[in-house]
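Residue numbers (this note's numbering), protein chains in the order written: chain A, 1 to 316; chain B, 1 to 316.
Hints may be right or wrong, so weigh each one.
Below, in silico cross-link-like pairs of lysine-lysine (DSSO-like), each with a Cα-Cα straight-line distance of 30 Å or less [what the hints assert, rightly or not]:
id, chain 1, residue 1, chain 2, residue 2
1, B, K249, A, K299
2, A, K269, B, K269
3, A, K296, B, K261
What the simulated footprint calls covered on chain A by chain B, stretch by stretch (three residues with Cβ under 8 Å from a Cβ of chain B suffice, anywhere in the stretch; the number is not a length) [claimed, not checked]:
id, segment
4, 167 to 181
5, 197 to 208
6, 255 to 264
7, 271 to 285
8, 298 to 305
Honestly, the hints are just simulated from the structure, not real lab data.
Just so it is clear, CB atoms sit at the ideal spot from N, CA and C, and this is done for glycine as well.
Number of protein chains: 2
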Amino acid sequence: MYRPEIKVLDCTIRDGGLINNHNFDHKFVKDVYRAISASGVDYIELGYKNSKELFSSEEYGYWKFCEDDEIEKIKEGVESNAKVAVMVDVGRVNLDDVKPASESPVDMIRTATYVKDIDKAIFMANHFYEKGYETTLNIMAISRDRGLELTDALKQIEKESHVVAVYIVDSFGALYQETTEELVKRYKSILRNKEVGFHGHNNQQLGFGNTIEAIIHGANYLDATIYGIGRAAGNCPLELLVGFLKNPKFDIRPILDLISKEFIPLREKMEWGYIIPYAISGIMGEHPRAAMALRKSDKKENYREFYESLTNTGLD
Amino acid sequence: MYRPEIKVLDCTIRDGGLINNHNFDHKFVKDVYRAISASGVDYIELGYKNSKELFSSEEYGYWKFCEDDEIEKIKEGVESNAKVAVMVDVGRVNLDDVKPASESPVDMIRTATYVKDIDKAIFMANHFYEKGYETTLNIMAISRDRGLELTDALKQIEKESHVVAVYIVDSFGALYQETTEELVKRYKSILRNKEVGFHGHNNQQLGFGNTIEAIIHGANYLDATIYGIGRAAGNCPLELLVGFLKNPKFDIRPILDLISKEFIPLREKMEWGYIIPYAISGIMGEHPRAAMALRKSDKKENYREFYESLTNTGLD
Numbered sequence: 001m002y003r004p005e006i007k008v009l010d011c012t013i014r015d016g017g018l019i020n021n022h023n024f025d026h027k028f029v030k031d032v033y034r035a036i037s038a039s040g041v042d043y044i045e046l047g048y049k050n051s052k053e054l055f056s057s058e059e060y061g062y063w064k065f066c067e068d069d070e071i072e073k074i075k076e077g078v079e080s081n082a083k084v085a086v087m088v089d090v091g092r093v094n095l096d097d098v099k100p101a102s103e104s105p106v107d108m109i110r111t112a113t114y115v116k117d118i119d120k121a122i123f124m125a126n127h128f129y130e131k132g133y134e135t136t137l138n139i140m141a142i143s144r145d146r147g148l149e150l151t152d153a154l155k156q157i158e159k160e161s162h163v164v165a166v167y168i169v170d171s172f173g174a175l176y177q178e179t180t181e182e183l184v185k186r187y188k189s190i191l192r193n194k195e196v197g198f199h200g201h202n203n204q205q206l207g208f209g210n211t212i213e214a215i216i217h218g219a220n221y222l223d224a225t226i227y228g229i230g231r232a233a234g235n236c237p238l239e240l241l242v243g244f245l246k247n248p249k250f251d252i253r254p255i256l257d258l259i260s261k262e263f264i265p266l267r268e269k270m271e272w273g274y275i276i277p278y279a280i281s282g283i284m285g286e287h288p289r290a291a292m293a294l295r296k297s298d299k300k301e302n303y304r305e306f307y308e309s310l311t312n313t314g315l316d
Numbered sequence: 001m002y003r004p005e006i007k008v009l010d011c012t013i014r015d016g017g018l019i020n021n022h023n024f025d026h027k028f029v030k031d032v033y034r035a036i037s038a039s040g041v042d043y044i045e046l047g048y049k050n051s052k053e054l055f056s057s058e059e060y061g062y063w064k065f066c067e068d069d070e071i072e073k074i075k076e077g078v079e080s081n082a083k084v085a086v087m088v089d090v091g092r093v094n095l096d097d098v099k100p101a102s103e104s105p106v107d108m109i110r111t112a113t114y115v116k117d118i119d120k121a122i123f124m125a126n127h128f129y130e131k132g133y134e135t136t137l138n139i140m141a142i143s144r145d146r147g148l149e150l151t152d153a154l155k156q157i158e159k160e161s162h163v164v165a166v167y168i169v170d171s172f173g174a175l176y177q178e179t180t181e182e183l184v185k186r187y188k189s190i191l192r193n194k195e196v197g198f199h200g201h202n203n204q205q206l207g208f209g210n211t212i213e214a215i216i217h218g219a220n221y222l223d224a225t226i227y228g229i230g231r232a233a234g235n236c237p238l239e240l241l242v243g244f245l246k247n248p249k250f251d252i253r254p255i256l257d258l259i260s261k262e263f264i265p266l267r268e269k270m271e272w273g274y275i276i277p278y279a280i281s282g283i284m285g286e287h288p289r290a291a292m293a294l295r296k297s298d299k300k301e302n303y304r305e306f307y308e309s310l311t312n313t314g315l316d
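For reference, chain A alone in the conformation it holds in the complex (with noise of 0.2 Å):
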């Protein structure tokens, strides 16, 4: 598949910062970013932009925050085409603390929404878009809202956004390959001026297959992480990705490099992939929270019984 138009955005600092609290050091952001940007990857990003009065900076490493001195400290020295993002959540940033573009190592700020918040999510994007960002809006937990709200979401931002690609986010992994081609085609159908995105889960380990079937159907913003790593299942696994589009701007190896020497350590250390309560969840359509509070405990490999408290959970 070989479409100008395709831009891959690699996450891998990000969503995989929501498995060890945003405490990747410095070095290892470094030598992510090193790579992608050797691989011609089009964006990464680094990890969320909220406020420091809403968390803690004991709790939270840098990445929850993202602020401008340390992105400056990770581009310092390396060269690089690759456009920097971050990604804020509707509440949980304070505005005044987003300097002018101009004056910011940051190109793009995505906004991570449901829709139910859709208002404050477009006001949000059209705030920095103002301030000179690229912006972008990703709709979470898509496989539960898929109703008319969606519809009329969609018209919104539209109608009063500036971003320049709208996410179709499979928080669950709970899409397949068809929800996933009519949702591409929804969106399509209503954003004449804007681009649709992609962000798979790996639940079902149809994280990639549901990327391909969007690209397929006519998205052309991707999100992928370096040997799927992120919450949970994981995501997207880049070098997948990279390895199916046939762009000659790609080159896979710097990002095979980094896996061996350290994503399969890390590994060891950090949990993510093809777990079966993360597949279950993904079956159900439901948050993998039950999941992950599953495998902090000692009945972390019983999944009959996980599988049954959430199929026995009577809504009278």
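Starting from the structure of chain A, add chain B where the hints point.
Same frame as chain A, but now just chain B:
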């Protein structure tokens, strides 16, 4: 997806046996047989019916030969509606060793073949059919053999054989959704009286996604293995397939139990799954043998060098 015609075949013991020379002990095989039977899966494949004149029974375990007596020991005392399948390779079976179906615990014999051996394979499948077995033809290495020869082979199968299904076997884990779709449509356009089967490999984490793609376009015979076990990257995970199919005859819980109790510890001793050299050979459309050799060497994590060794084999 609920289509009553869909049949699921578990090949855990057969394909998993490619990792350990078919040396699973009877207790393990019986545990798998019991779980598959309880889960409502339609078929269970236990191994190869290879000739003992060609392979040493000191080097290989029982499931390389699948003698009727050994299969009887597995079935004994277990309530089951699952039919038993065995696989044969062209040229590796002594046809005289195969008793009539009425005297055997085996229900189905699947003949694995390359396109080039289709004449021999049809002859063998017809031989088993005449002995009373259900039969299939499983066309291997299909990502390499997608040209006119495949079309001709399918026409010949339609005309000359009595198989219930003809499989697409993605031996190299190289298919994507679009190639899967094209193959299923081609098979269906030629095979008017036979079902289409799909056997995916998981090199690029597409075993399950491609199986869904095959289902969407009309494949009704689907292979999978528990926890994706199988040579190299392994196969479509049975638990995901059963979680996807909505036929109420299936029960995922016995499979989850078995993964907890047997497959999590087994994975510590045997290697399969998403491993970068297998992903690379899938991306390149190569047989996994070079990657398997790498994994047994002291360069097992040297991915860049391996990648370069596959790309730099100039054919002058």
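- Are there at least three residues in the segment 167 to 181 of chain A whose beta carbon sits under 8 Å from a beta carbon of chain B? Our answer is that it holds, as 3 residues pass the Cβ test (under 8 Å) against chain B, meeting three.
- Query: Are three or more residues of the segment 197 to 208 of chain A within 8 Å, CB to CB, of chain B?
  - Reply: holds (count 6)
- Task: Mind checking the alpha carbons of K269 (chain A) and K269 (chain B) for me, to see if they're no more than 30 Å apart?
- Result: Roughly 19 Å separates the two Cα atoms, so the pair holds.
- Query: If you look at each residue in the segment 255 to 264 of chain A, do at least three have a Cβ nearer than 8 Å to any Cβ of chain B?
  - Reply: holds (count 5)
- Message: Holds or violated: K296 (chain A) and K261 (chain B), Cα atoms, limit 30 Å.
- Response: 18 Å, holds
- Message: Run the distance test for K249 (chain B) versus K299 (chain A): straight-line Cα separation, threshold 30 Å.
- Response: 28 Å, holds
- Task: Count residues of the segment 271 to 285 of chain A with a Cβ under 8 Å from any Cβ of chain B, then say if the count reaches three.
- Result: holds (count 6)
- State whether the coverage of the segment 298 to 305 of chain A by chain B holds or is violated, taking the criterion as 3 or more residues with Cβ-Cβ distances under 8 Å. Holds, because 4 residues of the segment 298 to 305 of chain A bring their Cβ atoms closer than 8 Å to Cβ atoms of chain B.
When held up to the earlier numbered hints, the structure conflicts with none and fits them all.
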